[in-house]
Amino acid sequence: MRKIDLVAPAGSLVALKAAIDKGADAVYLGLKNATNARNFGGLNFGDADIHAGVEYAHSRGRKVLFAINTYPQAGAVAQWRSAIDSAVRMGADAVILADPGLLAYARDSHPELRLHLSVQGSATTIDAIELMREQFHISRAVLPRVLTLPEIEKIIKQTSVEIEVFGFGSLCVMAEGRCLLSSYVTGDSPNNRGVCSPAHAIQWQETDRSLYARLGGTLIDIYAPGEPAGYPTLCKGRFEVGGELDYALEEPASLNTIGLLPRLMEIGISALKIEGRQRSPAYVGQVVATLRAALDAAARDPGRYAPRQEWMSTLAKHSEGAQVTQGAFERPWK
Amino acid sequence: MTLQKIALAPLAYYWSKADTLSFYADALDWPVDIVYLGEVVCSRRHEMKHDDWFALAAELRAAGKEVVLSSQILIDSESDRRSMHRLIERACAQGLQIEANDLSAVRTMQQVQQPFVAGPHLNIYHADTLSWFHGLGASRFLPPAEMSGADLALLQQSRPPGMQTEVQVWGRMALAFSARCFTARHYRLKKDSCEFRCDAHPDGLLLSARDGRQFLNLNGIQTQSAACTDLSAQLPQLLAMQVEVLRIAPQSENTAAVVAAFDLARRTLAGALIPASIYPARSEPCNGYWFGVPGMLLEPEVTNA
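Residue numbers (this note's numbering), protein chains in the order written: chain H, 1 to 334; chain G, 1 to 305.
These are computed hints drawn from the structure, not numbers from a lab.
In this text the structure is predicted, and so the values were computed from the model without any measurement.
Treat the hints with caution; some may be incorrect.
[Said to hold, decoys possible] Chain H is faced by these chain G residues, among others (derived, beta-carbon under 7 Å): (1) ASP76; (2) TRP132; (3) ASP211; (4) GLN214; (5) PRO294; (6) MET296; (7) LEU298.
For every residue, glycine included, the Cβ atom is placed at its ideal position computed from N, Cα and C.
With the rest of the complex left out, here is chain G:
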């Protein structure tokens, strides 16, 4: 039986160039098979330019990693659209893969007739839509975060030939995107003069509900879950339903330990044992979406409810 692959999701946060490069330098030695690179949240972030991402891509590829460049998720201006075109053109010229994260990137990939990864925000909920994306060139896809395990199992049964499936098994989930920047809003700054305050929040800016519980996580124009998806206990099921790739979201600390835990789990074909110490700062685990209940819940709570 082929071992499931481990993928590092594109970095969602705004780290300094030094921190970013140091993170990926470490990742060279981790048992990850696929690395997604690029800025997917906000085009104002400029620590890593296209040149830097492509240099990193070359380095990771030379070390034997499969590298995928990820396109921006919400494109709301002509300049961002052009930047996406430049990214794709350059990636294709270098034989690098693309994760298309919106319909504009999908069209661009169709035009250049290159296979692509259909990202998790393309709303692929059922077989007809999956086969439409397949027809445009998608060779791997990620289901929406809110899809249940039961629905994914159904979808897997009607997968087009050659299509691979990747599921986020670890990390805070991207729940929403806006034209507005919530980090700038928190600092009473305008988006276009945000002073790049995201750089002070390497794992996002936590938002609590009125009862004090950590609830959401602000990351510029993106809103994430405060809780950390943990599908380690579902690995045997993911394997049984032929999910080929397990996606782990980078966090500022302990990503190596997370990768190690999932690496062990995929080799032993058992659920991973996750020590509480490796969750992102101040987060709790959740897996509700998998069970078709609110995403923020954790399964034991569900069965007791």
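Next comes chain H alone, as it looks inside the complex:
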């Protein structure tokens, strides 16, 4: 049974410190531009904060992973290459990349640099992962949230590449790296700009006591008085299909794998990722502390492991839509 690294999101220096203090083995962060998949206003790192963050993590024996996981746009690859060069200069322990052209650049220009294949790279099979290992010597792949645990187990048995999965946070219902819904409505997508349903395209309107949420001018939900209104992510809106109004694609819910930890250890998962670079330092600190305690408990005595009530209630507080799911790992919809 192998130790699972807890990988935490850092959208800011404060969040990074919270993650390290509460026991994350590694943090992942992005620069303040379209080279990473959480290119949100007020988020991410300038140079001074990166230096401080890397120093803070390294002096405590933890790792810093740089997410440069969007797709360089035609004619603009220089910005992405320069992000990789900066990451190396600033002491990155690994870079998280999705695009083969960039992976080739990183391997050729920085042969010693550790490469992780981003979830945005859409490698869902052993063939895809092995291709990236053969071509770029990737050390780790983050799996898209479309695979069941038995399928993940089969992959792990056939590769030397470390496998990282999502353990907690908001869910993408669509296969990552292959979703253009956001650019269809707003022009900007995770692939081309590092955003999904970006804030600049959202318009809230309060009329006749209802709250209207528009994205790029398209009305994606109407909330009744008193009804909680979450961030209007396109795929989590209510739509009409065949005369029925429903969450036609996905109900707002958070992934929570805390009940699966012994099984994840057993099948040989190397790292568990917490989603949410856009979330607050309080979220990061509390989710990291909870999963740290759970992972340690599962490692001590996997046979008798059971999620504690206080862990569940802490994580529930940070769950979108106040619902939790084990997502594709268990496929309740199958």
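Let chain H serve as the given structure and place chain G on it in line with the hints.
Structure of chain G alone, referenced to chain H:
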């Protein structure tokens, strides 16, 4: 000047075997040069088995069409992966081409050292990535649907030698793929006991926004645009930037008329004239991606905005 080729995209929907065969029997007489065949969306769909697709491939090839077998776009199980390997093995044995639609198919093509078409979901946005795929054997590629005309023009300037470009000029766009099935979800069915409800929706299941506008189109695990891409007005530009192949997505009605309109346009080197009656059922035209704006928009709206 060589005439641009017209290609029929792989059929995205779940039609009966009879309807599928009848569609391609008609296509024998259409001025299409390339036909992509195979189930690319969902492995549960079983009206057409591998045997049926290969029989169809032989027939189309005998009629002078260039035939390409397309691999499944989202492979999320070992059994789907094995099925992809069988498809490729058999296609190669028969000298048929493959459209690789995910990285597993790309690796398989590299291993058998056969040239392949790099499908539109491989995220080929810039020159380095295009040349990486070229090195693995890609001889033609499709840019992502969201790529603008300006970016495509840039990419075309650094195309590796021998690489061809194909662009979807017509039809609803594939925007997303999921482990979940939205058609089954609509019918409150589980994916593994979906009763194959896709068969009741030969052009997908439309989804409207809260203001009643047709917005998306559910097709099993795939989510499409409700609006229909129409790049007929951009044909002169596509020709100027040396896009060799124009891709048209099959729809249950009027595909012949769509092909005829683009055939005329490529011969006269003018934009096609598209009568509103030939759009897929209840869809409007869009071309926003080409202009670097939201994909659902139509250019005149853009210039007025």
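Going down the list of hints, with the structure as the test:
Because the smallest distance between the Cβ of ASP76/G and any Cβ of chain H comes to about 5 Å, under 7 Å, the interface hint for this residue holds. Checking TRP132/G against chain H by beta carbon gives a least distance of about 5 Å; that is within 7 Å, so the hint holds. Taking 7 Å as the C-beta contact cut-off toward chain H, the hint placing ASP211/G at the interface holds, the least distance being around 4 Å. Taking 7 Å as the C-beta contact cut-off toward chain H, the hint placing GLN214/G at the interface is violated, the least distance being around 10 Å.
Because the smallest distance between the Cβ of PRO294/G and any Cβ of chain H comes to about 5 Å, under 7 Å, the interface hint for this residue holds. Interface restraint check for MET296/G: the shortest CB-CB distance to chain H comes to about 5 Å, inside 7 Å, so the restraint holds. Taking 7 Å as the C-beta contact cut-off toward chain H, the hint placing LEU298/G at the interface is violated, the least distance being around 13 Å.
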